[in-house]
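Colleague: Now for the letters of each chain:
Protein chains: 2
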Amino acid sequence: MEEKNLQYYINKYNETNKILRAYGYANYLSNWDAETTAAFGTIQSRNDVVGSLSELSYKLSTSAEYTETIDYLFDHRDELDDILKHEIYEMKKNNEAQKKIPMEDFVAFSQLLNEVYPVYVKAKNEDNYDLFAPYLEKIIEFKKKQIKYLEKDNRFNNYKGYDLLLDGFEPDMTREEYDKFFGVLKEKLVPFIKKVTKKKLKYNKKFLNKKYASSIQFEYAKYLQAVMEFDPNYTVMRESEHPFTTGFGNKDVRITNHYYEDNVRSSIFSAIHEMGHGLYELHVSDEVDASLSGGGASMAMHESQSRFMENMIARKEVFWETHFSKLQEMFPKELKGINYHDFFLSVNEVKRDFIRTEADELTYPLHIMVRYELEKKIFSGKIKVSDLSNEWNKLYKKYLGLKVTNNKQGILQDVHWAYGNFGYFPTYALGSAYAAQFYKALEKDVDIDKAIRSGKLTDINNWLKEHIHKYGASLYPKEIIKKATGEDFNPDYYVKYLIDKYSKIYEIDD
Amino acid sequence: MEEKNLQYYINKYNETNKILRAYGYANYLSNWDAETTAAFGTIQSRNDVVGSLSELSYKLSTSAEYTETIDYLFDHRDELDDILKHEIYEMKKNNEAQKKIPMEDFVAFSQLLNEVYPVYVKAKNEDNYDLFAPYLEKIIEFKKKQIKYLEKDNRFNNYKGYDLLLDGFEPDMTREEYDKFFGVLKEKLVPFIKKVTKKKLKYNKKFLNKKYASSIQFEYAKYLQAVMEFDPNYTVMRESEHPFTTGFGNKDVRITNHYYEDNVRSSIFSAIHEMGHGLYELHVSDEVDASLSGGGASMAMHESQSRFMENMIARKEVFWETHFSKLQEMFPKELKGINYHDFFLSVNEVKRDFIRTEADELTYPLHIMVRYELEKKIFSGKIKVSDLSNEWNKLYKKYLGLKVTNNKQGILQDVHWAYGNFGYFPTYALGSAYAAQFYKALEKDVDIDKAIRSGKLTDINNWLKEHIHKYGASLYPKEIIKKATGEDFNPDYYVKYLIDKYSKIYEIDD
Numbered sequence: 056m057e058e059k060n061l062q063y064y065i066n067k068y069n070e071t072n073k074i075l076r077a078y079g080y081a082n083y084l085s086n087w088d089a090e091t092t093a094a095f096g097t098i099q100s101r102n103d104v105v106g107s108l109s110e111l112s113y114k115l116s117t118s119a120e121y122t123e124t125i126d127y128l129f130d131h132r133d134e135l136d137d138i139l140k141h142e143i144y145e146m147k148k149n150n151e152a153q154k155k156i157p158m159e160d161f162v163a164f165s166q167l168l169n170e171v172y173p174v175y176v177k178a179k180n181e182d183n184y185d186l187f188a189p190y191l192e193k194i195i196e197f198k199k200k201q202i203k204y205l206e207k208d209n210r211f212n213n214y215k216g217y218d219l220l221l222d223g224f225e226p227d228m229t230r231e232e233y234d235k236f237f238g239v240l241k242e243k244l245v246p247f248i249k250k251v252t253k254k255k256l257k258y259n260k261k262f263l264n265k266k267y268a269s270s271i272q273f274e275y276a277k278y279l280q281a282v283m284e285f286d287p288n289y290t291v292m293r294e295s296e297h298p299f300t301t302g303f304g305n306k307d308v309r310i311t312n313h314y315y316e317d318n319v320r321s322s323i324f325s326a327i328h329e330m331g332h333g334l335y336e337l338h339v340s341d342e343v344d345a346s347l348s349g350g351g352a353s354m355a356m357h358e359s360q361s362r363f364m365e366n367m368i369a370r371k372e373v374f375w376e377t378h379f380s381k382l383q384e385m386f387p388k389e390l391k392g393i394n395y396h397d398f399f400l401s402v403n404e405v406k407r408d409f410i411r412t413e414a415d416e417l418t419y420p421l422h423i424m425v426r427y428e429l430e431k432k433i434f435s436g437k438i439k440v441s442d443l444s445n446e447w448n449k450l451y452k453k454y455l456g457l458k459v460t461n462n463k464q465g466i467l468q469d470v471h472w473a474y475g476n477f478g479y480f481p482t483y484a485l486g487s488a489y490a491a492q493f494y495k496a497l498e499k500d501v502d503i504d505k506a507i508r509s510g511k512l513t514d515i516n517n518w519l520k521e522h523i524h525k526y527g528a529s530l531y532p533k534e535i536i537k538k539a540t541g542e543d544f545n546p547d548y549y550v551k552y553l554i555d556k557y558s559k560i561y562e563i564d565d
Numbered sequence: 056m057e058e059k060n061l062q063y064y065i066n067k068y069n070e071t072n073k074i075l076r077a078y079g080y081a082n083y084l085s086n087w088d089a090e091t092t093a094a095f096g097t098i099q100s101r102n103d104v105v106g107s108l109s110e111l112s113y114k115l116s117t118s119a120e121y122t123e124t125i126d127y128l129f130d131h132r133d134e135l136d137d138i139l140k141h142e143i144y145e146m147k148k149n150n151e152a153q154k155k156i157p158m159e160d161f162v163a164f165s166q167l168l169n170e171v172y173p174v175y176v177k178a179k180n181e182d183n184y185d186l187f188a189p190y191l192e193k194i195i196e197f198k199k200k201q202i203k204y205l206e207k208d209n210r211f212n213n214y215k216g217y218d219l220l221l222d223g224f225e226p227d228m229t230r231e232e233y234d235k236f237f238g239v240l241k242e243k244l245v246p247f248i249k250k251v252t253k254k255k256l257k258y259n260k261k262f263l264n265k266k267y268a269s270s271i272q273f274e275y276a277k278y279l280q281a282v283m284e285f286d287p288n289y290t291v292m293r294e295s296e297h298p299f300t301t302g303f304g305n306k307d308v309r310i311t312n313h314y315y316e317d318n319v320r321s322s323i324f325s326a327i328h329e330m331g332h333g334l335y336e337l338h339v340s341d342e343v344d345a346s347l348s349g350g351g352a353s354m355a356m357h358e359s360q361s362r363f364m365e366n367m368i369a370r371k372e373v374f375w376e377t378h379f380s381k382l383q384e385m386f387p388k389e390l391k392g393i394n395y396h397d398f399f400l401s402v403n404e405v406k407r408d409f410i411r412t413e414a415d416e417l418t419y420p421l422h423i424m425v426r427y428e429l430e431k432k433i434f435s436g437k438i439k440v441s442d443l444s445n446e447w448n449k450l451y452k453k454y455l456g457l458k459v460t461n462n463k464q465g466i467l468q469d470v471h472w473a474y475g476n477f478g479y480f481p482t483y484a485l486g487s488a489y490a491a492q493f494y495k496a497l498e499k500d501v502d503i504d505k506a507i508r509s510g511k512l513t514d515i516n517n518w519l520k521e522h523i524h525k526y527g528a529s530l531y532p533k534e535i536i537k538k539a540t541g542e543d544f545n546p547d548y549y550v551k552y553l554i555d556k557y558s559k560i561y562e563i564d565d
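Just so you know, the sequences run in chain order V and F. For the first sequence, this note's numbering puts the final residue at 565, and the numbers step up evenly by one. For the second sequence, this note's numbering puts the final residue at 565, and the numbers step up evenly by one.
Hints are not guaranteed to be accurate.
For chains that are exact copies, the list does not tell them apart, and a pair is met inside one copy or across any two.
What the hints assert, rightly or not - Pairs of lysine-lysine residues, derived as PhoX-like cross-links and limited to a Cα-Cα distance of at most 20 Å, are as follows:
no. : residue 1 : residue 2
1   : Lys-114   : Lys-73
2   : Lys-200   : Lys-265
3   : Lys-215   : Lys-199
4   : Lys-114   : Lys-67
By construction, these hints were calculated from the structure, which means they are not laboratory data.
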């Protein structure tokens, strides 16, 4: 009999992970295909297959043999290298969490999500919340059941309720911490936004009402792909209802976009945002990529990279000083008489509006606050699903001063809940705050304006790769922030960044 | 302990097949993705995953438990319903065949094929046979090894060598039968083609040198999709290097096309060809689709359906009398002054030429003969891989009177060998012969010209579905031919069809 020593279990672990990665690849690919390619009527047949693959994956990852392997490695984690040590701790935590969910529930939930997506698209298109609500209710029921399972015999933390979902997206961020974080933003930003939105930006706006052909918008996205060094040898750009990024390791990363012919700016910043995510995946070191710790360190870390590129880099004036001429060359009629300063001001205009993904950088966190408040209510049982749409509208009135008149611009605007993702939204605001702190650190090492002016983001990419991306998920967000910036996470950078930037643009003296 | 009766094994069988279908789906989807979407640099990472999935599939389909199940059902096949009875016989045959191939070989071959594809594309683009040859050699070595494995203890037939590969694509078609089949064609068609190619067709040719925008060709393909009732709710059309069809059951069928701007006819007939394959997959009955006997009955049966649509329907004059006006509407400048009769003649012009996929209907079988002769030589060991390119060129001289001057137009033109498919090509010619016999039977029940004039192929599709498609692979080709046409396969229909049609077009009296 083979001796069951450390090497034996490391081999077992690697063999099993190879299979789990294959299942994961198949499921992700099927999802990518469903949203970019497959015909509408294919749902049922795909559903059956995805169900089978989920079942296989679940069985293997909760099998006695794999559990024995994880347990052994967990107990011997001090003998492991750093990457594996970190991974096994997370694996053990996830393994225990997953084992708590009965297989029937797990498979049924996968299948439910597959069914829900087209219903969500239909409900959104038809502005019909009542069509979506019964499905949303089923998803929430499952999440509540999941919380109950997770609360039981939890040896990794003592979180209850919604905190367990929050922790699933951002390690050790709970309601208590998010309440504090949003409290700071509310205190400092809400009065500032009031000042800003009393003023008007003056610039040549005549390009805003023009039509911009999708095919040329796509050409400009390809130009930006070169600027951002989003290597086409390992990447793909396609279209889907809602833009997203999918990574199959550091050698196959894909983004989607959605082109609106009446809004040329939307697809530009979506593309940059998704490429920000994509570069993170591409830059993970081969060593980390070969482990199960590829991809990003957390949701907020991932979002910090997309928002860093979208807001801190691509909404700078120097970025448009450098790249507006190319856009003008592609849309000569539509952009006639417009200069880069006009365009720069237009992409930094602050406006209280309905759609989160189209929101300006400054009001953005208010959109997140609405969702955070709603999710807290859902999981404390303080609201019925049928009332969610009304409550959404009330909160938009309260935080953004807006009267929501249809669900398409209201509660149906985001796909996340249809995917079963609760506890996800808050990471978007947190990501922006991380990004501001990274920007400050980058500034010490790199002349950012000069780097942008060079035409390619090489110097910036190299810094991000070296200080953040290469680690993948082999370190916790808090560790990466400390290493990259020399200090713990501090939301003041974010508030200061926003107030400085928009005081200058809106000529506000304090 | 559960009683191991018939129902027990039927359940076991269905459970395992569900998993095998999921693996198959993942592999097919990955392949579809590789050829339509994925970036070039993703090969290695995909290769690893495809290898894992192939290994899992192989292990399961040769496992002791599954073998026991198949064996039990095979021994009790007289107690099964017709679909399952047929399926188990084939399954047992395949299971025994597959078990003979060691897993390492099976996995290595899957990985090899993944590596070869991009090399083949590069070699073709660069007209460099020497680049491809060492990979082709590895593939052939594997196929020869496979033959050795298959020859041993074969209880289903006593085929040797290349016959085993032929049987793999078309049940019970061997060298002996193909030699006879091609013998008839050679005897009757070669002298007829000589007569035909001495004459010239007269029609307005000025549209042949125009440029046809790919995007509009794609629009016309979508128009044809409606004509052919290739239901967009269950189908997808994309682009790839070489056109192909992929079916994931009868609810998700996909075709690809390749658009050449200097040849508007190529993509039209490719689209119709692939939709012919696709309709076969779509029309399989739900009962058969739920079994493992979905898809087509054999390669030649599949090809009979694609060539039926491409040649027997879409190259008829009445088809262009009905659908040319739409093409002219989409390309008004390019097709100015051309009438449907010109177009009809142009798509039936007979020309000895290099490229099989662009060959006219009449010379087509000669292209197949070259490949058949070469494959026979390869597997009888009468030729070295390094000499294949020269031998190819010699045979084109002999059968088609052509001097091949580059490998791109010669041995590198087809992807099949790069996919490891030997014994496949002969089914193309056989498929055309099946199609001619089906046409004769259809004619008795349906007024074909009237059906085409109606604008949609509804009546023709219904007949094909009812007499051929619905059975999927639950019957052997020979059984379907007998049921659909009332007699055994008879190649005379094919020869008569070709000679009648081209005698009329070329005004040849005999």
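Colleague: State for each hint whether it applies.
Modeller: Hints and how they fare:
In the homo-oligomer, the alpha carbons of Lys-114 and Lys-73 lie at most 20 Å apart both inside one protomer (15 Å) and across protomers (15 Å), since each shortest distance falls under that limit. Proximity of Lys-200 to Lys-265 under the C-alpha cut-off of 20 Å is found in neither arrangement, the shortest distances being 50 Å within a copy and 65 Å between copies. In this homomeric assembly, Lys-215 and Lys-199 come within 20 Å of each other (Cα to Cα) only inside a single copy, at 11 Å, whereas the closest approach across copies is 63 Å. When the C-alpha separation of Lys-114 and Lys-67 is checked against a cutoff of 20 Å, the pair qualifies both within a copy, at 16 Å, and between copies, at 17 Å.
When the structure is compared with the earlier hints, a violation turns up for hint 2 alone.
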